[in-house]
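Modelling step: build the complete structure from the supplied sequences, incorporating the hints.
In case it helps, the numbering used here puts the sequence shown at residues 1 to 589.
Calculated from the structure, these hints are not laboratory results. Don't take each hint at face value.
Unchecked claim - Here are the simulated lysine-lysine pairs, DSS-like style, with alpha carbons at most 30 Å apart:
(1) K274 - K262
(2) K149 - K526
(3) K568 - K543
(4) K442 - K459
(5) K142 - K568
(6) K123 - K213
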Amino acid sequence: MTWMRSASGSTRKRPAIINLMVVDRFLVLITVGLLGSRYILRGNLQMRKNILAVGFAAAAVALILGACGAKQTSSKAPKQVLRWTEATELPTDDPAQATDTLSFNVLLNTQEGLYRASDKGQKTNLALAKSVQVSPDGRTYKVTLRNAKWSNGDPITAQDFVYGWQRVVDPKTKSQDAFYFYQVANAQEVNTGKKPLSALGITAQGSKHLTIKLTKPVSYFKKLLAWPLFFPQNKQAVEKYGKKYGTNSTAQVYSGPFKLAKWTGSNDSWQLVKNNQYWDKQHVKLSTIKEQVVKDANTGLNLFDTGKVDETVLSGETAVAQANNNERVDRLSSNLTRVDLNENKVPAFKNADVRRAFSLVVNRQEIAKHVLQDGSRGAIGFTPIGLATGPDGQDFAKSSKVASGVDYDLSKAKALLAKGLAATNTKSLNLTLLTNDAETTKSVAEYLQNQFEQLPNVKVTLKSIPNAQRLQLQTSGDYDLALTAWQSVFGDPINFLDIWSSDSSYNSSQWHNAEFDQLLADAENKYGNNATKRWQTLVKAEKLLMKEQATIPLFQSNSRQLLKSKVKGVNYNPSGVPYDWKSAYIANK
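Here you go:
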(Lines of atoms letter the chains of each structure in order from A and count residues from 1; the text may use other names and numbers.)
(Lines give C-alpha, C1' and ligand atoms only; values in the text may rest on other atoms or scores of the structure.)
Protein backbone atom coordinates (compact mmCIF):
# COMPACT_ATOMS: atom_id res chain seq x y z
CA MET A 1 0.00 0.00 0.00
CA THR A 2 3.22 1.31 1.46
CA TRP A 3 2.65 -1.61 1.53
CA MET A 4 5.05 0.48 4.66
CA ARG A 5 6.85 0.62 7.61
CA SER A 6 9.74 1.00 9.71
CA ALA A 7 12.32 -0.84 11.34
CA SER A 8 14.35 1.20 13.34
CA GLY A 9 17.44 0.91 15.14
CA SER A 10 20.09 3.21 16.02
CA THR A 11 21.14 5.99 13.81
CA ARG A 12 20.33 4.96 10.29
CA LYS A 13 21.90 6.41 7.21
CA ARG A 14 19.59 5.94 4.30
CA PRO A 15 19.38 7.38 0.83
CA ALA A 16 17.32 10.53 0.94
CA ILE A 17 14.58 9.20 -1.25
CA ILE A 18 11.01 8.13 -0.70
CA ASN A 19 8.17 6.22 -1.76
CA LEU A 20 4.93 5.72 -0.40
CA MET A 21 3.21 2.77 0.08
CA VAL A 22 0.83 3.22 -2.48
CA VAL A 23 -2.47 2.67 -1.45
CA ASP A 24 -2.55 1.43 -4.64
CA ARG A 25 -5.12 -0.94 -3.91
CA PHE A 26 -6.96 1.19 -1.71
CA LEU A 27 -6.28 4.83 -1.64
CA VAL A 28 -8.04 3.80 -3.82
CA LEU A 29 -7.71 0.70 -3.26
CA ILE A 30 -7.83 2.40 -0.76
CA THR A 31 -5.51 0.82 0.44
CA VAL A 32 -3.72 -1.24 0.53
CA GLY A 33 -4.50 -2.84 3.13
CA LEU A 34 -6.47 -5.99 2.97
CA LEU A 35 -7.48 -10.01 3.68
CA GLY A 36 -8.94 -14.29 6.14
CA SER A 37 -8.06 -17.84 7.08
CA ARG A 38 -4.91 -19.50 6.08
CA TYR A 39 -5.70 -23.12 5.67
CA ILE A 40 -8.95 -24.66 4.60
CA LEU A 41 -9.87 -27.80 6.45
CA ARG A 42 -11.14 -30.40 4.10
CA GLY A 43 -12.53 -33.87 4.73
CA ASN A 44 -10.17 -36.62 3.64
CA LEU A 45 -11.61 -40.11 3.65
CA GLN A 46 -9.30 -42.82 2.36
CA MET A 47 -10.51 -46.32 1.57
CA ARG A 48 -8.16 -48.89 2.92
CA LYS A 49 -6.66 -51.34 0.48
CA ASN A 50 -8.38 -54.25 2.16
CA ILE A 51 -11.86 -52.76 1.93
CA LEU A 52 -13.10 -55.56 -0.32
CA ALA A 53 -12.25 -58.05 2.38
CA VAL A 54 -14.55 -56.27 4.77
CA GLY A 55 -17.51 -56.70 2.45
CA PHE A 56 -19.87 -54.59 0.42
CA ALA A 57 -21.88 -53.55 3.46
CA ALA A 58 -18.88 -51.98 5.16
CA ALA A 59 -17.94 -50.26 1.94
CA ALA A 60 -21.41 -48.80 1.68
CA VAL A 61 -21.20 -47.50 5.24
CA ALA A 62 -17.85 -45.90 4.51
CA LEU A 63 -19.23 -44.20 1.43
CA ILE A 64 -22.20 -42.86 3.38
CA LEU A 65 -19.96 -41.51 6.13
CA GLY A 66 -17.72 -39.93 3.52
CA ALA A 67 -20.69 -38.20 1.94
CA CYS A 68 -21.82 -36.89 5.32
CA GLY A 69 -18.37 -35.57 6.08
CA ALA A 70 -18.23 -33.81 2.74
CA LYS A 71 -21.34 -31.82 3.62
CA GLN A 72 -19.43 -30.10 6.40
CA THR A 73 -17.18 -28.21 3.99
CA SER A 74 -17.78 -26.20 0.82
CA SER A 75 -17.45 -28.21 -2.35
CA LYS A 76 -14.65 -27.08 -4.60
CA ALA A 77 -15.87 -25.81 -7.94
CA PRO A 78 -14.32 -27.47 -10.98
CA LYS A 79 -12.94 -24.20 -12.40
CA GLN A 80 -10.52 -22.68 -9.89
CA VAL A 81 -10.05 -19.22 -11.43
CA LEU A 82 -10.24 -16.05 -9.34
CA ARG A 83 -10.80 -12.76 -11.19
CA TRP A 84 -9.55 -9.76 -9.21
CA THR A 85 -9.37 -6.02 -9.90
CA GLU A 86 -6.55 -3.61 -9.12
CA ALA A 87 -6.62 0.19 -9.01
CA THR A 88 -3.19 0.72 -10.59
CA GLU A 89 -0.67 -0.93 -12.87
CA LEU A 90 1.98 -3.23 -11.39
CA PRO A 91 5.24 -1.24 -10.92
CA THR A 92 7.78 -4.04 -10.34
CA ASP A 93 8.33 -7.71 -9.53
CA ASP A 94 11.76 -7.14 -7.99
CA PRO A 95 11.59 -7.45 -4.17
CA ALA A 96 14.58 -5.15 -3.74
CA GLN A 97 12.88 -2.37 -5.71
CA ALA A 98 9.26 -2.77 -4.58
CA THR A 99 7.88 0.10 -2.53
CA ASP A 100 4.13 -0.15 -3.09
CA THR A 101 1.39 -2.41 -1.80
CA LEU A 102 0.48 -3.94 -5.15
CA SER A 103 4.04 -5.02 -5.93
CA PHE A 104 4.43 -6.56 -2.48
CA ASN A 105 1.07 -8.29 -2.85
CA VAL A 106 2.16 -9.97 -6.07
CA LEU A 107 5.49 -10.90 -4.47
CA LEU A 108 3.75 -12.35 -1.41
CA ASN A 109 1.75 -14.72 -3.61
CA THR A 110 4.55 -15.67 -6.01
CA GLN A 111 7.43 -15.95 -3.55
CA GLU A 112 7.94 -17.48 -0.10
CA GLY A 113 10.04 -16.72 2.96
CA LEU A 114 10.94 -18.43 6.20
CA TYR A 115 7.49 -17.58 7.58
CA ARG A 116 4.03 -16.85 6.24
CA ALA A 117 1.56 -14.62 8.09
CA SER A 118 -1.93 -15.71 9.12
CA ASP A 119 -4.80 -14.64 11.38
CA LYS A 120 -4.91 -11.11 9.95
CA GLY A 121 -1.16 -10.75 10.32
CA GLN A 122 -1.13 -11.50 14.04
CA LYS A 123 0.51 -14.92 13.70
CA THR A 124 3.42 -16.32 11.73
CA ASN A 125 3.64 -19.92 10.51
CA LEU A 126 6.72 -21.76 9.31
CA ALA A 127 7.00 -21.69 5.52
CA LEU A 128 10.37 -22.42 3.85
CA ALA A 129 11.75 -22.84 7.36
CA LYS A 130 11.32 -26.36 8.69
CA SER A 131 12.41 -25.27 12.15
CA VAL A 132 13.73 -22.13 13.86
CA GLN A 133 15.60 -21.91 17.16
CA VAL A 134 16.01 -18.52 18.85
CA SER A 135 18.76 -17.97 21.42
CA PRO A 136 17.78 -16.98 24.99
CA ASP A 137 18.98 -13.41 24.41
CA GLY A 138 16.87 -13.11 21.24
CA ARG A 139 19.83 -12.15 19.07
CA THR A 140 20.55 -15.37 17.16
CA TYR A 141 18.23 -17.41 14.92
CA LYS A 142 19.20 -20.92 13.83
CA VAL A 143 17.13 -21.99 10.81
CA THR A 144 16.73 -25.35 9.11
CA LEU A 145 15.15 -25.18 5.66
CA ARG A 146 12.69 -27.68 4.26
CA ASN A 147 13.16 -29.29 0.84
CA ALA A 148 11.75 -26.84 -1.70
CA LYS A 149 12.33 -25.78 -5.30
CA TRP A 150 12.23 -22.69 -7.44
CA SER A 151 9.74 -22.68 -10.32
CA ASN A 152 12.57 -23.63 -12.70
CA GLY A 153 13.31 -26.76 -10.65
CA ASP A 154 16.43 -25.49 -8.88
CA PRO A 155 16.58 -26.30 -5.15
CA ILE A 156 16.00 -23.37 -2.77
CA THR A 157 19.09 -23.19 -0.58
CA ALA A 158 20.36 -21.29 2.42
CA GLN A 159 22.66 -19.39 0.07
CA ASP A 160 19.58 -18.01 -1.75
CA PHE A 161 18.58 -16.29 1.49
CA VAL A 162 22.10 -14.98 2.05
CA TYR A 163 22.24 -13.64 -1.50
CA GLY A 164 18.74 -12.13 -1.35
CA TRP A 165 19.46 -10.24 1.86
CA GLN A 166 22.86 -9.09 0.66
CA ARG A 167 21.34 -7.83 -2.58
CA VAL A 168 18.80 -5.66 -0.75
CA VAL A 169 21.38 -4.03 1.56
CA ASP A 170 24.02 -3.70 -1.17
CA PRO A 171 24.38 0.08 -1.70
CA LYS A 172 24.62 -0.59 -5.45
CA THR A 173 21.04 -1.89 -5.44
CA LYS A 174 19.75 1.38 -3.98
CA SER A 175 16.80 -0.29 -2.28
CA GLN A 176 14.64 2.19 -0.39
CA ASP A 177 13.72 -0.55 2.06
CA ALA A 178 17.25 -1.62 3.00
CA PHE A 179 16.86 0.04 6.39
CA TYR A 180 14.48 -2.74 7.45
CA PHE A 181 17.55 -4.94 7.69
CA TYR A 182 19.35 -2.59 10.07
CA GLN A 183 18.45 -4.84 12.99
CA VAL A 184 20.54 -7.58 11.37
CA ALA A 185 24.18 -7.45 12.47
CA ASN A 186 26.31 -5.09 10.34
CA ALA A 187 23.45 -4.31 7.94
CA GLN A 188 23.73 -0.56 8.37
CA GLU A 189 27.49 -0.63 7.87
CA VAL A 190 27.10 -2.77 4.75
CA ASN A 191 24.34 -0.54 3.36
CA THR A 192 26.46 2.58 3.84
CA GLY A 193 29.53 1.00 2.25
CA LYS A 194 31.57 0.75 5.45
CA LYS A 195 31.71 -3.05 5.45
CA PRO A 196 31.64 -5.74 2.73
CA LEU A 197 28.52 -7.76 1.90
CA SER A 198 30.05 -10.79 3.58
CA ALA A 199 29.85 -9.00 6.95
CA LEU A 200 26.04 -9.07 6.94
CA GLY A 201 24.70 -11.10 9.87
CA ILE A 202 23.31 -13.99 7.85
CA THR A 203 25.41 -17.04 6.97
CA ALA A 204 24.76 -20.41 5.37
CA GLN A 205 25.97 -23.69 6.82
CA GLY A 206 25.57 -26.05 3.91
CA SER A 207 22.45 -25.94 1.73
CA LYS A 208 19.81 -26.26 4.46
CA HIS A 209 21.03 -24.32 7.48
CA LEU A 210 21.09 -20.59 8.20
CA THR A 211 22.32 -18.49 11.10
CA ILE A 212 20.93 -14.98 11.54
CA LYS A 213 22.48 -12.57 14.04
CA LEU A 214 20.71 -9.41 15.20
CA THR A 215 22.08 -6.25 16.81
CA LYS A 216 19.45 -6.53 19.56
CA PRO A 217 16.31 -8.54 20.39
CA VAL A 218 13.46 -7.58 18.05
CA SER A 219 10.00 -8.67 19.19
CA TYR A 220 8.48 -8.36 15.71
CA PHE A 221 11.33 -9.95 13.73
CA LYS A 222 9.36 -13.05 12.72
CA LYS A 223 6.72 -10.76 11.19
CA LEU A 224 9.44 -9.08 9.16
CA LEU A 225 10.60 -12.50 7.95
CA ALA A 226 7.11 -13.05 6.53
CA TRP A 227 7.45 -9.89 4.39
CA PRO A 228 8.68 -10.30 0.76
CA LEU A 229 11.71 -8.06 1.30
CA PHE A 230 13.22 -10.86 3.42
CA PHE A 231 12.51 -13.67 0.96
CA PRO A 232 15.27 -15.57 -0.90
CA GLN A 233 16.43 -14.50 -4.36
CA ASN A 234 17.88 -16.68 -7.10
CA LYS A 235 21.34 -15.35 -7.96
CA GLN A 236 21.42 -17.11 -11.32
CA ALA A 237 18.16 -15.44 -12.33
CA VAL A 238 19.30 -12.00 -11.20
CA GLU A 239 22.53 -12.32 -13.17
CA LYS A 240 20.82 -13.86 -16.20
CA TYR A 241 18.24 -11.09 -16.60
CA GLY A 242 20.39 -8.22 -15.37
CA LYS A 243 18.58 -4.88 -15.54
CA LYS A 244 15.45 -6.64 -16.82
CA TYR A 245 15.16 -8.74 -13.65
CA GLY A 246 11.66 -8.34 -12.22
CA THR A 247 10.52 -6.03 -15.03
CA ASN A 248 8.28 -8.63 -16.69
CA SER A 249 6.90 -12.02 -15.74
CA THR A 250 9.49 -14.04 -17.68
CA ALA A 251 12.46 -12.24 -16.08
CA GLN A 252 11.97 -13.88 -12.69
CA VAL A 253 11.78 -17.29 -11.00
CA TYR A 254 9.30 -18.08 -8.27
CA SER A 255 9.37 -19.82 -4.90
CA GLY A 256 5.76 -19.29 -3.84
CA PRO A 257 2.28 -20.73 -4.46
CA PHE A 258 1.91 -18.98 -7.82
CA LYS A 259 3.94 -17.73 -10.76
CA LEU A 260 3.44 -14.34 -12.37
CA ALA A 261 2.40 -14.64 -16.03
CA LYS A 262 1.36 -12.46 -18.97
CA TRP A 263 2.87 -9.29 -17.51
CA THR A 264 4.96 -7.21 -19.91
CA GLY A 265 5.92 -4.60 -17.35
CA SER A 266 3.46 -2.00 -18.56
CA ASN A 267 0.18 -3.74 -19.42
CA ASP A 268 -3.00 -3.39 -17.37
CA SER A 269 -3.67 -7.08 -16.80
CA TRP A 270 -1.67 -10.10 -15.69
CA GLN A 271 -2.12 -13.54 -14.17
CA LEU A 272 -0.87 -15.59 -11.27
CA VAL A 273 -0.80 -19.28 -12.19
CA LYS A 274 -0.30 -22.21 -9.83
CA ASN A 275 3.36 -23.09 -9.28
CA ASN A 276 3.60 -26.88 -9.57
CA GLN A 277 7.12 -26.80 -8.11
CA TYR A 278 5.85 -25.20 -4.88
CA TRP A 279 6.62 -27.33 -1.81
CA ASP A 280 3.06 -27.02 -0.43
CA LYS A 281 1.17 -27.17 -3.71
CA GLN A 282 -1.38 -29.62 -2.30
CA HIS A 283 -2.87 -26.75 -0.29
CA VAL A 284 -3.09 -24.42 -3.29
CA LYS A 285 -6.55 -24.77 -4.82
CA LEU A 286 -6.65 -21.96 -7.38
CA SER A 287 -5.23 -22.69 -10.81
CA THR A 288 -5.23 -19.05 -11.93
CA ILE A 289 -5.75 -15.55 -10.57
CA LYS A 290 -6.59 -13.06 -13.30
CA GLU A 291 -5.87 -9.49 -12.29
CA GLN A 292 -6.93 -6.46 -14.29
CA VAL A 293 -6.62 -2.75 -13.66
CA VAL A 294 -9.97 -1.01 -13.18
CA LYS A 295 -9.63 2.66 -12.28
CA ASP A 296 -13.32 3.57 -12.40
CA ALA A 297 -15.67 2.26 -9.69
CA ASN A 298 -18.69 2.20 -12.01
CA THR A 299 -16.76 0.11 -14.50
CA GLY A 300 -15.76 -2.27 -11.74
CA LEU A 301 -19.35 -2.57 -10.53
CA ASN A 302 -20.56 -3.33 -14.05
CA LEU A 303 -17.91 -6.03 -14.47
CA PHE A 304 -18.95 -7.54 -11.13
CA ASP A 305 -22.68 -7.45 -11.90
CA THR A 306 -22.17 -9.06 -15.30
CA GLY A 307 -20.07 -11.85 -13.80
CA LYS A 308 -16.80 -10.82 -15.44
CA VAL A 309 -14.90 -10.29 -12.17
CA ASP A 310 -15.23 -11.86 -8.72
CA GLU A 311 -14.13 -8.77 -6.81
CA THR A 312 -14.18 -5.02 -7.14
CA VAL A 313 -13.68 -2.00 -4.89
CA LEU A 314 -16.51 0.45 -4.35
CA SER A 315 -16.22 4.18 -3.86
CA GLY A 316 -18.43 7.24 -3.72
CA GLU A 317 -21.92 6.65 -5.11
CA THR A 318 -21.27 3.00 -5.89
CA ALA A 319 -20.39 2.36 -2.24
CA VAL A 320 -23.61 4.01 -1.07
CA ALA A 321 -25.74 2.20 -3.64
CA GLN A 322 -24.36 -1.19 -2.59
CA ALA A 323 -24.81 -0.62 1.15
CA ASN A 324 -27.24 -3.56 1.47
CA ASN A 325 -25.54 -5.93 -0.94
CA ASN A 326 -24.95 -9.23 0.89
CA GLU A 327 -21.69 -9.64 -1.05
CA ARG A 328 -20.29 -6.37 0.30
CA VAL A 329 -17.21 -6.64 2.52
CA ASP A 330 -15.70 -3.82 4.62
CA ARG A 331 -11.98 -4.01 5.32
CA LEU A 332 -10.61 -1.29 7.62
CA SER A 333 -6.87 -1.22 7.11
CA SER A 334 -3.89 0.43 8.74
CA ASN A 335 -3.36 2.44 5.59
CA LEU A 336 -3.14 6.17 6.25
CA THR A 337 -3.47 8.64 3.37
CA ARG A 338 -1.77 11.99 3.72
CA VAL A 339 -0.39 15.02 1.88
CA ASP A 340 3.36 15.59 1.98
CA LEU A 341 4.79 19.10 1.66
CA ASN A 342 8.17 19.22 -0.07
CA GLU A 343 10.39 21.65 1.83
CA ASN A 344 13.15 21.38 -0.78
CA LYS A 345 10.94 22.46 -3.68
CA VAL A 346 8.83 24.97 -1.74
CA PRO A 347 10.93 26.90 0.83
CA ALA A 348 7.78 28.34 2.44
CA PHE A 349 6.93 24.83 3.66
CA LYS A 350 9.90 25.02 6.01
CA ASN A 351 7.74 27.37 8.05
CA ALA A 352 5.54 25.44 10.52
CA ASP A 353 2.74 28.03 10.33
CA VAL A 354 2.45 27.54 6.58
CA ARG A 355 2.29 23.77 7.03
CA ARG A 356 -0.35 24.13 9.75
CA ALA A 357 -2.43 26.41 7.54
CA PHE A 358 -2.60 23.79 4.79
CA SER A 359 -3.69 21.19 7.35
CA LEU A 360 -6.34 23.34 9.05
CA VAL A 361 -8.08 24.06 5.76
CA VAL A 362 -8.88 20.36 5.28
CA ASN A 363 -12.09 18.90 6.71
CA ARG A 364 -11.22 15.23 7.16
CA GLN A 365 -14.72 14.14 8.14
CA GLU A 366 -16.06 15.69 4.97
CA ILE A 367 -13.59 13.68 2.88
CA ALA A 368 -14.60 10.44 4.60
CA LYS A 369 -18.36 10.99 4.53
CA HIS A 370 -18.94 12.88 1.30
CA VAL A 371 -15.99 12.23 -1.00
CA LEU A 372 -15.06 8.63 -0.24
CA GLN A 373 -18.35 7.36 1.21
CA ASP A 374 -16.79 3.95 1.74
CA GLY A 375 -16.41 3.67 5.50
CA SER A 376 -12.98 5.31 5.65
CA ARG A 377 -12.31 7.37 8.79
CA GLY A 378 -10.96 10.87 9.14
CA ALA A 379 -7.43 10.68 10.55
CA ILE A 380 -6.87 11.66 14.18
CA GLY A 381 -3.09 11.60 13.76
CA PHE A 382 -0.41 10.08 11.59
CA THR A 383 -0.60 6.63 13.17
CA PRO A 384 -3.93 4.89 12.41
CA ILE A 385 -6.47 3.69 14.95
CA GLY A 386 -6.20 0.01 15.79
CA LEU A 387 -2.57 -0.42 14.76
CA ALA A 388 -1.22 -0.98 18.26
CA THR A 389 -2.29 -1.09 21.90
CA GLY A 390 0.11 -0.08 24.66
CA PRO A 391 0.98 -1.62 28.04
CA ASP A 392 -1.72 0.63 29.49
CA GLY A 393 -4.35 -0.95 27.25
CA GLN A 394 -4.86 2.27 25.28
CA ASP A 395 -4.86 2.63 21.52
CA PHE A 396 -1.72 4.43 20.37
CA ALA A 397 -3.53 6.77 17.99
CA LYS A 398 -5.88 7.96 20.72
CA SER A 399 -3.11 8.32 23.32
CA SER A 400 -1.01 10.47 21.00
CA LYS A 401 -3.73 12.61 19.42
CA VAL A 402 -2.96 16.30 18.91
CA ALA A 403 -6.22 17.98 17.97
CA SER A 404 -4.55 20.95 16.27
CA GLY A 405 -2.90 18.57 13.82
CA VAL A 406 -6.18 17.33 12.38
CA ASP A 407 -8.73 20.07 13.17
CA TYR A 408 -10.64 22.08 10.57
CA ASP A 409 -10.52 25.86 11.10
CA LEU A 410 -10.53 28.00 7.96
CA SER A 411 -10.20 31.37 9.67
CA LYS A 412 -7.24 30.20 11.75
CA ALA A 413 -5.69 28.66 8.63
CA LYS A 414 -5.85 32.00 6.80
CA ALA A 415 -4.26 33.82 9.73
CA LEU A 416 -1.44 31.29 10.03
CA LEU A 417 -0.76 31.40 6.30
CA ALA A 418 -0.50 35.19 6.32
CA LYS A 419 1.90 35.00 9.25
CA GLY A 420 3.99 32.26 7.65
CA LEU A 421 4.21 33.88 4.21
CA ALA A 422 5.29 37.16 5.79
CA ALA A 423 7.99 35.38 7.78
CA THR A 424 9.34 33.71 4.63
CA ASN A 425 8.96 36.82 2.46
CA THR A 426 6.60 34.94 0.14
CA LYS A 427 3.78 36.75 -1.69
CA SER A 428 1.95 33.79 -3.23
CA LEU A 429 2.16 30.04 -3.75
CA ASN A 430 1.61 28.39 -7.12
CA LEU A 431 1.70 24.68 -6.37
CA THR A 432 1.22 21.34 -8.10
CA LEU A 433 -0.43 18.45 -6.26
CA LEU A 434 0.97 15.10 -7.44
CA THR A 435 -1.39 12.10 -7.43
CA ASN A 436 -1.94 8.82 -9.22
CA ASP A 437 -4.73 8.61 -11.78
CA ALA A 438 -7.08 6.21 -9.98
CA GLU A 439 -10.66 7.45 -9.74
CA THR A 440 -10.89 7.72 -5.96
CA THR A 441 -7.51 9.39 -5.73
CA LYS A 442 -8.53 12.01 -8.26
CA SER A 443 -11.74 12.71 -6.33
CA VAL A 444 -9.78 13.33 -3.14
CA ALA A 445 -7.27 15.46 -5.04
CA GLU A 446 -10.02 17.65 -6.50
CA TYR A 447 -11.44 18.19 -3.02
CA LEU A 448 -8.00 19.16 -1.70
CA GLN A 449 -7.45 21.52 -4.61
CA ASN A 450 -10.68 23.32 -3.76
CA GLN A 451 -9.84 23.51 -0.05
CA PHE A 452 -6.25 24.66 -0.51
CA GLU A 453 -7.37 27.42 -2.87
CA GLN A 454 -9.58 28.85 -0.12
CA LEU A 455 -6.31 30.10 1.33
CA PRO A 456 -5.42 33.60 0.06
CA ASN A 457 -2.80 33.77 -2.70
CA VAL A 458 -2.68 29.99 -3.16
CA LYS A 459 -3.13 28.34 -6.56
CA VAL A 460 -3.05 24.55 -6.91
CA THR A 461 -2.78 22.56 -10.14
CA LEU A 462 -3.42 18.82 -10.20
CA LYS A 463 -0.99 16.37 -11.77
CA SER A 464 -2.64 12.93 -12.02
CA ILE A 465 -0.42 10.32 -13.66
CA PRO A 466 -0.04 6.51 -13.66
CA ASN A 467 1.09 5.25 -10.32
CA ALA A 468 4.50 3.99 -11.43
CA GLN A 469 5.36 7.46 -12.73
CA ARG A 470 4.05 9.10 -9.57
CA LEU A 471 6.27 6.85 -7.50
CA GLN A 472 9.31 7.85 -9.54
CA LEU A 473 8.62 11.57 -9.11
CA GLN A 474 7.95 11.27 -5.40
CA THR A 475 11.00 9.11 -4.85
CA SER A 476 13.18 11.70 -6.55
CA GLY A 477 11.56 14.56 -4.62
CA ASP A 478 10.19 16.13 -7.79
CA TYR A 479 6.91 17.54 -6.45
CA ASP A 480 5.41 20.41 -4.44
CA LEU A 481 2.57 18.57 -2.74
CA ALA A 482 2.03 14.81 -2.97
CA LEU A 483 -1.07 12.79 -2.16
CA THR A 484 0.35 9.58 -0.80
CA ALA A 485 -0.26 6.84 1.74
CA TRP A 486 1.52 4.53 4.14
CA GLN A 487 0.66 0.93 4.96
CA SER A 488 2.27 -0.80 7.89
CA VAL A 489 4.29 -3.99 7.66
CA PHE A 490 3.55 -4.97 11.26
CA GLY A 491 1.49 -3.65 14.16
CA ASP A 492 3.84 -1.24 15.92
CA PRO A 493 3.89 2.60 15.91
CA ILE A 494 7.56 2.63 14.92
CA ASN A 495 6.41 1.26 11.58
CA PHE A 496 4.85 4.66 10.87
CA LEU A 497 6.99 7.10 12.82
CA ASP A 498 10.31 5.86 11.47
CA ILE A 499 9.68 7.20 7.98
CA TRP A 500 10.04 10.74 9.38
CA SER A 501 13.50 10.28 10.83
CA SER A 502 16.05 12.54 9.17
CA ASP A 503 17.90 9.68 7.49
CA SER A 504 14.82 7.82 6.25
CA SER A 505 14.77 6.99 2.55
CA TYR A 506 11.03 7.71 2.63
CA ASN A 507 11.36 11.24 3.98
CA SER A 508 11.22 12.91 0.57
CA SER A 509 9.66 16.07 1.96
CA GLN A 510 12.92 16.64 3.87
CA TRP A 511 11.35 17.59 7.20
CA HIS A 512 14.03 17.24 9.87
CA ASN A 513 13.81 17.51 13.64
CA ALA A 514 16.65 16.52 15.98
CA GLU A 515 14.35 16.05 18.98
CA PHE A 516 12.15 13.68 16.99
CA ASP A 517 15.19 11.69 15.84
CA GLN A 518 16.38 11.35 19.43
CA LEU A 519 12.98 10.15 20.65
CA LEU A 520 12.97 7.37 18.06
CA ALA A 521 16.53 6.38 18.92
CA ASP A 522 15.68 6.26 22.63
CA ALA A 523 12.55 4.20 22.03
CA GLU A 524 14.40 1.54 20.05
CA ASN A 525 17.72 1.48 21.87
CA LYS A 526 17.55 2.98 25.35
CA TYR A 527 14.09 1.59 26.11
CA GLY A 528 14.08 -1.43 23.82
CA ASN A 529 13.50 -3.80 26.73
CA ASN A 530 11.17 -1.50 28.69
CA ALA A 531 7.74 -1.69 27.05
CA THR A 532 6.19 1.11 29.10
CA LYS A 533 8.96 3.68 28.58
CA ARG A 534 9.30 2.73 24.93
CA TRP A 535 5.58 3.30 24.45
CA GLN A 536 5.62 6.64 26.25
CA THR A 537 8.57 7.79 24.15
CA LEU A 538 6.82 6.88 20.89
CA VAL A 539 3.72 8.76 22.05
CA LYS A 540 5.91 11.85 22.57
CA ALA A 541 7.36 11.41 19.08
CA GLU A 542 3.91 11.23 17.46
CA LYS A 543 2.75 14.32 19.34
CA LEU A 544 5.83 16.24 18.23
CA LEU A 545 5.29 15.15 14.62
CA MET A 546 1.74 16.48 14.66
CA LYS A 547 2.51 19.70 16.55
CA GLU A 548 5.11 20.48 13.91
CA GLN A 549 2.69 19.38 11.14
CA ALA A 550 5.42 17.48 9.31
CA THR A 551 2.69 16.04 7.12
CA ILE A 552 -1.07 16.37 6.66
CA PRO A 553 -2.89 13.16 7.68
CA LEU A 554 -6.20 12.79 5.84
CA PHE A 555 -7.97 9.48 6.38
CA GLN A 556 -7.62 5.86 7.42
CA SER A 557 -8.68 3.65 4.55
CA ASN A 558 -11.58 1.29 4.55
CA SER A 559 -12.06 -0.84 1.50
CA ARG A 560 -15.72 -1.28 0.71
CA GLN A 561 -15.45 -4.22 -1.57
CA LEU A 562 -17.75 -6.57 -3.44
CA LEU A 563 -16.61 -10.18 -3.29
CA LYS A 564 -18.51 -13.09 -4.81
CA SER A 565 -19.84 -15.37 -2.09
CA LYS A 566 -18.30 -18.34 -3.88
CA VAL A 567 -14.80 -16.99 -3.15
CA LYS A 568 -13.51 -18.60 0.05
CA GLY A 569 -10.30 -18.74 2.07
CA VAL A 570 -8.78 -15.37 1.17
CA ASN A 571 -6.37 -14.38 3.95
CA TYR A 572 -6.57 -10.63 4.64
CA ASN A 573 -3.92 -8.77 6.62
CA PRO A 574 -4.94 -5.21 7.62
CA SER A 575 -1.47 -4.23 8.85
CA GLY A 576 0.81 -5.70 6.22
CA VAL A 577 0.69 -7.04 2.68
CA PRO A 578 -3.07 -7.30 2.26
CA TYR A 579 -4.12 -10.37 0.25
CA ASP A 580 -2.76 -13.90 0.54
CA TRP A 581 -4.46 -16.21 -1.97
CA LYS A 582 -2.57 -19.39 -1.12
CA SER A 583 -5.59 -21.01 0.56
CA ALA A 584 -8.29 -19.32 -1.51
CA TYR A 585 -10.68 -21.35 -3.64
CA ILE A 586 -13.90 -21.09 -5.62
CA ALA A 587 -16.76 -23.00 -4.01
CA ASN A 588 -19.95 -24.31 -5.57
CA LYS A 589 -22.92 -22.27 -4.45
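Now for the hints, and whether the structure bears them out:
| no. | hint | verdict |
| --- | --- | --- |
| 1 | K274 - K262 | holds (13 Å) |
| 2 | K149 - K526 | violated (42 Å) |
| 3 | K568 - K543 | violated (41 Å) |
| 4 | K442 - K459 | holds (17 Å) |
| 5 | K142 - K568 | violated (36 Å) |
| 6 | K123 - K213 | holds (22 Å) |
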